[in-house]
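Trainee: Just so you know, the sequences run in chain order Z and R. Per our numbering, the first sequence starts with residue 1, numbered consecutively. Per our numbering, the second sequence starts with residue 1, numbered consecutively.
Certain hints may be false.
Same chains, same names: a pair is fine if it fits in one copy or spans any two.
[Stated by the list, open to error] Under the rule of at most 25 Å between Cα atoms (straight-line distance), these lysine to any residue pairs were calculated in the SDA-like manner:
1. K5 <-> R101
2. K212 <-> A224
3. K5 <-> I92
4. K187 <-> P52
Don't read these hints as lab results, they were simulated from the structure.
Here is how the chains run, residue by residue.
There are 2 protein chains.
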Amino acid sequence: MLPVKALTFDVFGTVVDWRRSVAREAAAALDPLGFSLNWNAFALAWRARYQPAMERVRSGGRGFVKLDVLHRENLLEVLEQFGVAGLPDAAIDDLNRAWHRLDPWPDVLPGMARLRAAYPLAALSNGNVALIVNMARRAGIRWDAILGAEVARAYKPMPEAYHSAADMLGLAPAEVALVAAHNDDLKAAAAAGLRTIFVARRTEMADEGQTKDLEAWDGADLAAECFEELADRMGCP
Amino acid sequence: MLPVKALTFDVFGTVVDWRRSVAREAAAALDPLGFSLNWNAFALAWRARYQPAMERVRSGGRGFVKLDVLHRENLLEVLEQFGVAGLPDAAIDDLNRAWHRLDPWPDVLPGMARLRAAYPLAALSNGNVALIVNMARRAGIRWDAILGAEVARAYKPMPEAYHSAADMLGLAPAEVALVAAHNDDLKAAAAAGLRTIFVARRTEMADEGQTKDLEAWDGADLAAECFEELADRMGCP
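Modelling step: build the complete structure from the supplied sequences, incorporating the hints.
Mentor: So, in structure tokens, the structure goes:
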């Protein structure tokens with residue numbers, strides 16, 4: 001059991017299955033309009049533009065803008081890439097909010113309910129507040145606080161994103177753990193002084209299994225196969 | 001019924017009965033040490049230093065610091081004013097967290113449960129995030145998001161505090177209502193473009209009833225006697 005006083009969570013991939021959810025939402029929006037695409041490839045292509053778009057903000061190339069804005073700019077490019085033209089603005093806005101309608105992995109709600117009895121749980125995501133609020137209300141996820149990029153005005157893996165979350169929880173970095181399925185995120189959190197918990201999500205990137213982030217990095221404080229096992233490991237009945 | 005998409009709430013006085021709760025916490029901390037004070041007067045004296053302390057930040061006289069810090073500075077002065085000396089730092093820290101342990105008015109939990117079925121509910125308080133998180137976990141209050149001073153880095157009634165909350169909810173100011181028991185707060189919210197809802201808390205300042213904020217200001221969009229009546233007025237069964 002880790003000696004921490006709060007748990008923070010990466011969201012895309014760790015809490016929710018963005019790939020299948022975005023593929024489903026894109027199909028629901030575009031199939032009735034006569035577009036027949038590889039929806040999985042569409043979701044992956046949209047997500048592939050995520051890090052480069054944030055990198056422009058992290059590097060100072062542009063001021064902070066919330067993820068909804070980056071997602072929409074990226075969506076316009078992906079629609080063009082897949083030959084989808086002529087969508088009205090309202091349809092683009094609604095499809096952009098696919099990221100507000102992502103489904104949690106099946107272990108998330110029962111695991112978080114157990115963890116929340118002992119620890120405050122905060123989102124520490126690059127998703128903006130409204131995105132995380134809408135996702136949580138739809139899925140029944142209960143956050144004690146929504147922290148992360150928009151509140152910190154810094155995208156992970158900038159150290160400010162992790163430091164801001166600990167500070168707003170009224171805790172020292174070492175009193176806070178980040179739960180994430182991505183070792184790069186955990187390494188940046190550890191460098192910022194947080195404790196780190198790896199949870200495996202081996203089909204995040206592909207149904208047949210991905211090639212990266214299959215196991216926890218050596219420096220992780222704890223590793224679990226799912227949120228239910230994490231609750232076991234944290235002594236939460 | 002107001003045409004809004006989210007409800008934000010003032011917290012001290014509107015959601016929680018700070019005066020009786022702080023008096024109780026001060027008595028619980030200091031009576032066993034042999035201090036016999038007028039606990040109600042102690043709570044009022046502590047709160048009386050709240051606006052002047054924030055005003056130094058609002059006016060630019062000092063940089064933004066979270067309310068826990070202002071509360072602690074004010075507590076040291078109030079302890080001296082009431083002749084309480086010799087408290088160890090840990091006891092002062094714990095008494096300072098009295099503001100994390102405030103009780104909601106009796107209509108708050110049932111009213112918010114009804115409102116939350118239809119609207120995202122966000123704290124829009126001058127209290128810092130950890131204070132609101134700890135209060136909510138202890139009392140069973142369910143917030144969809146904790147916004148307000150620390151997240152905006154601006155204390156109400158600065159317009160930035162209200163604008164930041166609407167922006168983070170992904171809404172225009174006019175799509176958001178502030179619920180508050182204080183007309184000054186509502187007037188500032190209205191000036192920032194929000195809709196306003198007055199809820200009466202006529203014993204906030206005194207058991208026998210206060211002299212201010214007995215009725216809604218003329219410009220309020222809605223007024224209710226309690227959160228349950230507010231849920232009725234907002235059409236939330």
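Trainee: Hint numbers the structure violates, sorted upward?
Mentor: Checked against the structure, no hint fails, so every one of them is satisfied.
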